[in-house]
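> Chains as they are written, first to last, in the UniProt record's numbering: chain A, 1 to 684; chain Y, 1 to 684.
Certain hints may be false.
Intra- or inter-copy, both count: the list cannot distinguish identical chains.
Here are the computed lysine-lysine pairs in the DSS-like style, where the Cα-Cα straight-line distance is at most 30 angstroms [what the hints assert, rightly or not]: (1) K80 <-> K456; (2) K535 <-> K619; (3) K535 <-> K523; (4) K320 <-> K243; (5) K617 <-> K675; (6) K535 <-> K617; (7) K675 <-> K619.
Hints are computed from structural coordinates only; laboratory data are not their basis.
Number of protein chains: 2
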Amino acid sequence: MAYIKRIIIVALLMLNQATVLKAEDGHALWLRNHSAIKVNISSTVRSATVDLAIAELRNGWLGKENMTIKLNLTKNPSIKRDGFQLEETAINARTELGLLYGTYELLRRQYLNLPQRNVISNPSYSRRILNHWDNLDGSIERGYAGSSIFWGNTANGLNITNQDREKWKAYARANASIGINGAVLNNVNASAKILSPAYLEKVKAIAESLRPYGIKTYLSVNFSSPVLIGKLKKADPLDPLVKQWWKDKAAEIYKLIPDFGGFLVKANSEGQPGPQDYGRTHVDGANMLADALAPFNGIVMWRAFVYNPSPEDRTKQAYKEFLPLDGAFKKNVILQVKNGPLDFQPREPFSPLFGAMSDTPVMPEFQITQEYLGASRQLVFLSTLWEECLNSDTYKNGKGSTVAACTDGSLSKTDFTAIAGVANIGNDVNWTGHTFAQANWYAFGRLAWNNKLESKTIAEEWLKQTFLDDKEKKTDANFIKTIQEIMLDSREAAVDYMMPLGLHHIFAEGHHYGPAPWFSNDKIRPDWTSVYYHKADTAGIGFDRTRSGSDAVDQYHEPLSSTFNSLSSCPEIYLLWFHHVPWSYRLKNGRDLWTELCIRYDHGVQQVRSFQKNWDKIKGSIDSERFAEVQSKLRTQSRDAQIWKDACLLYFQQFSRREIPFEIERPVHDLQSLKELTKSRDYE
Amino acid sequence: MAYIKRIIIVALLMLNQATVLKAEDGHALWLRNHSAIKVNISSTVRSATVDLAIAELRNGWLGKENMTIKLNLTKNPSIKRDGFQLEETAINARTELGLLYGTYELLRRQYLNLPQRNVISNPSYSRRILNHWDNLDGSIERGYAGSSIFWGNTANGLNITNQDREKWKAYARANASIGINGAVLNNVNASAKILSPAYLEKVKAIAESLRPYGIKTYLSVNFSSPVLIGKLKKADPLDPLVKQWWKDKAAEIYKLIPDFGGFLVKANSEGQPGPQDYGRTHVDGANMLADALAPFNGIVMWRAFVYNPSPEDRTKQAYKEFLPLDGAFKKNVILQVKNGPLDFQPREPFSPLFGAMSDTPVMPEFQITQEYLGASRQLVFLSTLWEECLNSDTYKNGKGSTVAACTDGSLSKTDFTAIAGVANIGNDVNWTGHTFAQANWYAFGRLAWNNKLESKTIAEEWLKQTFLDDKEKKTDANFIKTIQEIMLDSREAAVDYMMPLGLHHIFAEGHHYGPAPWFSNDKIRPDWTSVYYHKADTAGIGFDRTRSGSDAVDQYHEPLSSTFNSLSSCPEIYLLWFHHVPWSYRLKNGRDLWTELCIRYDHGVQQVRSFQKNWDKIKGSIDSERFAEVQSKLRTQSRDAQIWKDACLLYFQQFSRREIPFEIERPVHDLQSLKELTKSRDYE
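Only chain A is shown next, with the shape it has when bound in the complex (with noise of 0.2 angstroms):
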């Protein structure tokens, strides 16, 4: 008896671990375990970071057994940067920190299968950082992966566990695999106490963490820190007592970090304090930073993210402000430029400053978070929407100088550049609520560290990490297909849901997830509204931004502005972002305008129901947890494009005064009960 008590004892410990090795809640990102091949490693250094490398090469080594492997230090011409070569027996880089990243470039390709013989890779940029919008008591702006990772998890928010640390070197170790380099730690909507002591002391900690991992810490101030946190009566940055405070303030945090990054700084935005409080121009405060910050090798990140309540197309604003300060700022600014000129919308043209600046660095700024793309509630790859903006060609010097070759030094010859991305990354056991969001962190990284990079291959790459963990499952070429296809069509099904042939801003109030066309209050400022954007009425639809309209498209160079500003040649996928259209105007298609409409919206809810579809036939390829996860946000996400859908078309037919086309499905929803239902943003 005692025997086969102990069978079953046995048997019982043995179901137990297999439950535990088969759970995936997708905490382990694309570094999933899997196990490794035995391998020597000689390196001629040795340091926190060469040692992670080290670990990493033995953790995952799937190449021949027992072979050896070298980290060589090189000066080899050819890698830049933390760049890396890679070759049959070793890796080679400029720094240990580019043999770090050469280790995680051969293990993805021995993963992948892919050759790895005399490999050089580049960064694109020197600076790939992710902005945190991490406000100090823990919530996150625009954030929907639970709280933060930074602040605010015990009471007074200082405390430091070792759950914590813990935390943040698995959050370094992700973000160096893809060649993530910094984290600006807090929201740009910041909180003066960030540089107060007692937080410095916390900012110090994480730094600790990040280092080995060459992850760089900066923070995001507040303008008015000198002010709320120091004894000062103002902030103006021409005043000497102010300049002294910042000079005090870096040399503080320097001597607690002295690889610190930088700051990153939204001023006289959104109601943000600024140096224009004080008659002073974004050059003036952006440059007393720069020289505080200058002795210790720090960087200013000033946000060009700029707009007033003014009669101006909003769209206009960034341009005109920054434009007449190009090549005034001092060498360590660097412009931070959203990808469009509005608000990280599912579409939009790029920001014209891109190709408008010739004396001042400008870096572009993502949104990983899915603000205006669904949260973490929607399947949405936004590698294909960055891809878009990277490869827009802006003619600043005539064809080919592409938002990528203007920010990415090619045109410029610096060596000063830099990309952010607003970081989805939260306290969920998932790092990021969906489990596809953790592919835009993914891409996100990978187009920073290589900006020519196509998101196919991202999406192929990230599929199989994530997924896929034996030899037979890595040739499971039947899911990569399908779900690879979901999520390159992700971004154009939402943009059709949404808001299809340039429409834009036409999101509920405050939480940016469902539709409000109908949106109007005249107690705010009307570039708040919805209406302002779409301008419908019974003869057309659209914001004129032509040279009869606002003359949005004289930002942008010829032949560009030329061919947004006539209505035949603009592009169909911005008409209605540079035009007011009449309902009556036929498209390329040979569709009126209003069937065109209908069509779209009704397109992106089929689209959606086709990646249900595909969804469910992939059942038994992956891992049950994060298919049950998946499908049942597929299916909120399918109610969800159904409301957007019957809210717009019911919205906008009271001005186009047609019938919906009888070949799409009918709406399911009244108005009157969508305008209640999207006040909130739980639905359900």
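Fit chain Y to the given chain A structure using the hints.
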């Protein structure tokens, strides 16, 4: 200036009148005003009822101008009961009420452009009765169109206003126009108070309003009334004091209402008191009341809807209870039997009691109010359901012994026949909540008058009278054809998206609106749960009522009992009613049961979407008010059909363990959220 001012005022007045004339609130039902042609009427008899006939002819005549039409009382033996004969220039009838019925039929035929020469029409049933489940506080059990038109509208519920009398008159007129001649004014779950002097005074007033239209008044009585409002200690039907109490009460009623119709009784059913409380039988109870009413020619309608918390299959219990009592009832007692053996489900086989009783009259009880068929939110035309029941062959006296024949006197050669419909009428302006619910009231009346009418005829009649109002529109064949098709398909669609293939009673608890196939509760009797009825398990689904199961099949005459008993011969519409069927069972179309179930549910959803599309296509054919109302309700129905499909497929999938076939759309809800959602009837 004064002249212009006057013109403006006149114009505004005309505009206002036009608006009033055009506003279609549905209150006029199928009796909408239209401009009449002058007619002369001669009548050999005058009475309140004949005066109504004359007024209707004057207001609605569409025949030759200045023609003379005669109203004649006749003894023509081809005319039965309150039937009538239409001639070119006369309406002939045996009774004054027959003249009124002939008038409505004549006007209907003129309106519908049907021939009127030598039409003879006799009612299928002597008593054509609405059962109002109205409580004395004004609420209505299973009512979805506002509060009671009889009770509770004022503080004490007994005050009577002119508005009340106008409403009762309009109600009586609508009923008379379709041949209804009786109304039970209060809920079968009856308050004893209805028999108190104060309430009887109000019943008298209502009866006075209904009488000219030939509507007899009936009341539901509580079997314990002698205890509850008398001074007796018990209500034992064999107790002389109890007998006397009822005799006295009957005399009191008839003194107030000389043409009072009689009592409807729900006894020993779902907690109501009854003779079994004293060890007596249904016969003892019914006969005691029958004796009290007999001197005044009153009748007792004794409901057969009884079942006990016993292990016996609930659907078998009424038959088992009443068959042994056949022939023992007094001559003025009639058994009121619901169409199916369970409870007004979207589809049931007919109740075996219709074919069982030889010496006891039986009357069908249909439910007009949509307790289990979408309340007043869903467009479900019930005429096809009732037609299916009436045409079902019981084989009582061999082939051709339809439910209609078993109940309308064709088989038994009795004139004591009746039919009841549970009303869907309330204080809503349009009487029934949903405009198309008016069609169910209409169809019940028409079928009660002529149980051989086809639903397609009834739908066409109703549509033309309800929506089309001039010569041009009366010939709008496209509108009629399109919407008639929706109506005729609507019940089958509801069966598909709610309970296809013989599934039954998987509704949410209480409100009976949405799905809850998961509903189970140890604290209540099993036959009030859903799992009792579907019995889904990993082997299959359905209630085994074959000879190896509950043997309910043997309550039917041969060949039905054997047909139902065999899986291969059982009609597939009743499959899961009679059989527990393996998931892999092949249906006649070659599909396995699980696949067919999925496809049926999805088909129901697609059907509602097609109703939406077809409804939208007839925009402009009818008034905008009712167009918008129905459009909005079809949207709700579409969402709710989807909820039904998703809930049932996701729930049953847990047992079938099979994939939802990929040819249908995926669910867009999660099971867990649906369980929460459907707890309340108010999804939105």
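> First find the shortest C-alpha distance between K320 and K243 inside one copy, then the shortest across copies, and answer within, between, both or neither for a cut-off of 30 angstroms.
within (27 angstroms within a copy, 98 angstroms between copies)
> When no copy is specified for K80 and K456, does a C-alpha distance of 30 angstroms or less occur within a copy, between copies, both, or neither?
within (26 angstroms within a copy, 82 angstroms between copies)
> State whether the alpha carbon distance between K535 and K619 is at most 30 angstroms within one copy, between copies, both, or neither.
For K535 and K619, the Cα distance is within 30 angstroms only across copies (28 angstroms; inside one copy 45 angstroms).
> Please sort K675 with K619 into within, between, both or neither, judging by C-alpha distance up to 30 angstroms.
For K675 and K619, the Cα distance is within 30 angstroms only across copies (24 angstroms; inside one copy 37 angstroms).
> If the cutoff is 30 angstroms on CA atoms, where do K535 and K523 land: within, between, both or neither? Let me know, please.
For K535 and K523, the Cα distance is within 30 angstroms only inside one copy (18 angstroms; across copies 59 angstroms).
> Should K535 paired with K617 be assigned to within, between, both, or neither, using CA atoms and 30 angstroms as the limit?
between (42 angstroms within a copy, 29 angstroms between copies)
> Up to 30 angstroms between alpha-carbons, please classify K617 paired with K675: within, between, both or neither.
between (35 angstroms within a copy, 25 angstroms between copies)
When the structure is compared with the earlier hints, no violation turns up for any of them.
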